Structure formats: C-alpha cells, structure tokens
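J.: Sequence:
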Amino acid sequence: MNAETKLLGNFAGFTVGLVVLVLLTFGILQWLGVESGDFIDWIVGTASFWWLVVIVTVPWNVHFEAKTVLADAEISKQKGITVNDRNVHYAAKIARRALWVAFALHGSSALVLYLLAVFGISSIGYVSSLLALLLTGLRPAIATYLYLSARLTNIGHELKYPRNDIVKVQQQLLQLEDNYRSLAYELDPEQTNSWRANSQRILNQLGEEVANLSATYRQLKADNAAEHQRLAQEAKTAIAQLNADSEFLDRVREIIRFFKSV
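Convert by adding 763 to the 1-based position in the sequence shown; the result is the number in the numbering used here.
Heads up, a few of these hints could be off.
What the hints assert, rightly or not - Below, computed lysine-lysine pairings styled on BS3-like, alpha-carbon distance capped at 30 Å: (1) LYS931 <-> LYS840; (2) LYS840 <-> LYS856; (3) LYS931 <-> LYS830; (4) LYS999 <-> LYS984; (5) LYS856 <-> LYS830; (6) LYS830 <-> LYS840.
What the hints assert, rightly or not - Quick list of the computed label-pair ranges, beta carbon to beta carbon: (7) ASN847 <-> GLN938: 18 to 26 Å; (8) TRP794 <-> ALA834: 52 to 60 Å; (9) GLU828 <-> ARG964: 51 to 59 Å.
Keep in mind that the hints were calculated from the coordinates and are not lab data.
Bear in mind the structure is a predicted one, so any value in this text is a computation, not a measurement.
Ideal placement from N, C-alpha and C gives every residue a C-beta, glycine not left out.
Working from the sequences, and respecting the hints, build out all of it.
T.: Below is the structure:
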C-alpha cells in the first residue's frame, strides 16, 4: 500500500505541476504580448503530452516487468528451483495483455489526435498523433535496451554469485534470524519462560537462601559465644568452689593434728 500511495502521489504531483506550468507559461506569454497560439491548442497539447506519458509509461512498464518475471522463472527452473506454474501463467497472460493494451492505446490515441487536427479543433493534433506513432516504436526500443542491459547485468551477477549459492545464503540467513529471535527471547527478562527470567528467579531464590543461611550462621555464632561464656563462667565457679573446699579440708586436717598432739 505504501508503494501504491507513493506512485499515486507522484502521478498526482506530476499532473498538478504540469497544469500549473502550462498555465503560468501561457499567462506570461500573453502578458508579454508574445504570439502563443490559441488556448485550445495549449489544452490539447498539454492533454496529449499527459496522455502520451501515461500510455508510454504504464502498459509498457507492466509488459516488461512481466517479461522480467518470466525470464527469472525460466532461470529458476533451469537451476532446479521450484516455481509456481500458476504464477508463471499469470505473468505470461499479463505480459500479452499489457502489450495489446499498449498498442491499442497508441493507435487509438494517434487516431483521435489526428481527427482533432482534421476537424480543425487543434492543429497540434498532427504533431501529437505523429508523436504517438513514433513512441509506439521508440518506447519498446528503449525498454528493450534497458531490459537487455538488466538481463546482462543479472547474468554477470549470477556468474559471480550463482543463484543456488544465493538461495543457500538466504536459507542460512533465515536460520540465523530464527536463532537470533530465539536467543533474543531467551535473553528477554520480560518473558516469563525465558532463560534469563528463569535464571533471575533461581538467583533470587539462591540469594534468599544465602541470606537465610547467613542469618542462621550469625545466630549460631552468637549462641556458641554465649554457650562458651556460660561454660567459662561455670568453670570459674567450679574452680573457686574447689579452692574453697581445699581450704576447708586443710583447716580440718590442722584441727585433727591439733587434737592428736594434745
């Protein structure tokens, strides 16, 4: 749709520009007092030019584009590449119809322009009709030259880059594109089932487990320190108690010795 819109825009711009240019030119010549003929001749000449541009451009372009498609299809068949026969037949039909339409438009245009001159409507019809007949041969000659030039260019390109190799490269590019899309999907954190999202969830879980283990370790360390402190205190108490008991026993022994000596 974009190409069609652009083509219609260019065609409309050409038409408007042509009309404005002709009106400005005719108006300037009239203002300068230069003999420029009847306004009807300008109208016929402008319409003839516009019409010849249309019939020279549209049907011939369609015809030679269809011929190019047929030539490409033939080359593909020679290379063993599968070609849709329905599309080939359609292109051949379009090429034939466009050719007959082009000839019919050229002939009818030349006849109408000649009749305009014969009936005295506009003398420029003689020139326009002759131009229409000349373009009947000139446009195909130019298009044939461009077509042959393009075909020779394609042949030279195929000699350097065979079509089979191009197809293989295209397949590899498509495979790389699929791999890229798959990799992009796996690395997209927004996709819930992607590798990156799963990895992030696992990392978050591991982070939480590490945090829990760290908290447990600190708690165990604190409990261990408290237990060591308690054991140390109990040991000090036990040692103090042993010292007290030892002093008591020493006093008892002294008392016993005293009574024995008496």
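J.: May I ask which of the numbered hints given earlier this structure violates, with the numbers listed in increasing order?
T.: When the structure is compared with the hints, none of them turns out to be violated.
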